[in-house]
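For the sequence shown, the residue numbers in the working numbering are -4 to 200.
I should point out that these hints are in silico values taken from the structure, not numbers from a laboratory. Note that CB positions come from ideal geometry on N, CA and C, so glycine has one too. Be careful, since some hints might not be right.
Only pairs whose alpha carbons sit at most 20 Å apart, straight line, appear in this in silico EDC-like list of lysine to aspartate or glutamate [said to hold, decoys possible]:
| # | residue 1 | residue 2 |
| --- | --- | --- |
| 1 | 153 | 143 |
| 2 | 28 | 143 |
| 3 | 28 | 16 |
| 4 | 136 | 63 |
| 5 | 28 | 91 |
| 6 | 136 | 91 |
| 7 | 136 | 146 |
| 8 | 136 | 59 |
| 9 | 28 | 152 |
| 10 | 28 | 73 |
| 11 | 28 | 42 |
| 12 | 136 | 16 |
| 13 | 153 | 42 |
| 14 | 153 | 163 |
| 15 | 28 | 171 |
| 16 | 153 | 62 |
| 17 | 136 | 73 |
| 18 | 136 | 62 |
| 19 | 153 | 139 |
| 20 | 136 | 57 |
| 21 | 136 | 101 |
| 22 | 28 | 58 |
| 23 | 28 | 43 |
| 24 | 136 | 42 |
| 25 | 153 | 171 |
| 26 | 28 | 119 |
For each label pair, taking beta carbons as the anchor points, the in silico distance ranges come out as [to be verified]:
| # | residue 1 | residue 2 | range |
| --- | --- | --- | --- |
| 27 | 115 | 161 | 47 to 53 Å |
| 28 | 64 | 91 | 28 to 34 Å |
| 29 | 161 | 117 | 53 to 59 Å |
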Amino acid sequence: MAEGVRNLVARDDVAAALRFDGGSPLFNLLMTKGARGRGSVERLIDDERTLSFLSRSFGMSEDDLCEDIGVIRAQLIEIREAAEAIIGYQIFNRLEVRDQALIGVDVLNRITASGVSKRRLGVDLEGQIVVVTVSSPFEAKVAEVAAEVSEILLDGEKRARVKVCANEACRAPFMDRSPTNNRVWCSMAICGNRAKAKRYYHSLK
-4 MAEGVRNLVA
6 RDDVAAALRF
16 DGGSPLFNLL
26 MTKGARGRGS
36 VERLIDDERT
46 LSFLSRSFGM
56 SEDDLCEDIG
66 VIRAQLIEIR
76 EAAEAIIGYQ
86 IFNRLEVRDQ
96 ALIGVDVLNR
106 ITASGVSKRR
116 LGVDLEGQIV
126 VVTVSSPFEA
136 KVAEVAAEVS
146 EILLDGEKRA
156 RVKVCANEAC
166 RAPFMDRSPT
176 NNRVWCSMAI
186 CGNRAKAKRY
196 YHSLK
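Let the sequences and hints guide you as you build the complete structure.
Okay, structure coming up:
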């Protein structure tokens, strides 16, 4: 982890805390990176946080995992960066991430393909040849997350609900699930209250 990011994590527990208010597993994954407006903070910093994310956002326990947790963390970060670049370029017209977005297309296509159930021949206890379907739970979950990016790009209503937090220090992408589709903060309890406190402070001057 870069020294600047490590220092920011150490001095800002709110910025470093895992968040689960993004609106879907995909956006919860995007929120594992924080404080984009002031230098990114990596929230998936160790095995404990990675397992916490998998438990709360994917409903998976350590017993469900066939892969090494370090490999899983690296794959989650790779998917997150690819998805964020694609959404930034395709929805928010951020031309500076075009190259990352085009690379991200290949990343997400590979992830989606890896999560498709694979069939192979096996032999059961009675000596009968059977068809066995194999796919790890983690592969299946991340394939769903990768597929959600495609769904958003194809679905105009979902696309219109993808927002970026109005807090300049945050700038987290989120899915607005409110009935009126008028959220401006990724979290009213965090970024919304910070903005209110800031306005109140300036009103006293």
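Status of each hint after checking the structure:
no.	hint	in the structure
1	153 / 143	holds, 10 Å
2	28 / 143	holds, 18 Å
3	28 / 16	holds, 13 Å
4	136 / 63	holds, 16 Å
5	28 / 91	holds, 19 Å
6	136 / 91	violated, 30 Å
7	136 / 146	holds, 15 Å
8	136 / 59	holds, 11 Å
9	28 / 152	violated, 25 Å
10	28 / 73	holds, 12 Å
11	28 / 42	holds, 16 Å
12	136 / 16	holds, 18 Å
13	153 / 42	violated, 32 Å
14	153 / 163	violated, 23 Å
15	28 / 171	holds, 18 Å
16	153 / 62	violated, 32 Å
17	136 / 73	holds, 15 Å
18	136 / 62	holds, 13 Å
19	153 / 139	holds, 16 Å
20	136 / 57	holds, 14 Å
21	136 / 101	holds, 18 Å
22	28 / 58	violated, 26 Å
23	28 / 43	holds, 16 Å
24	136 / 42	holds, 18 Å
25	153 / 171	holds, 9 Å
26	28 / 119	violated, 46 Å
27	115 / 161: 47 to 53 Å	holds, 50 Å
28	64 / 91: 28 to 34 Å	holds, 33 Å
29	161 / 117: 53 to 59 Å	holds, 54 Å
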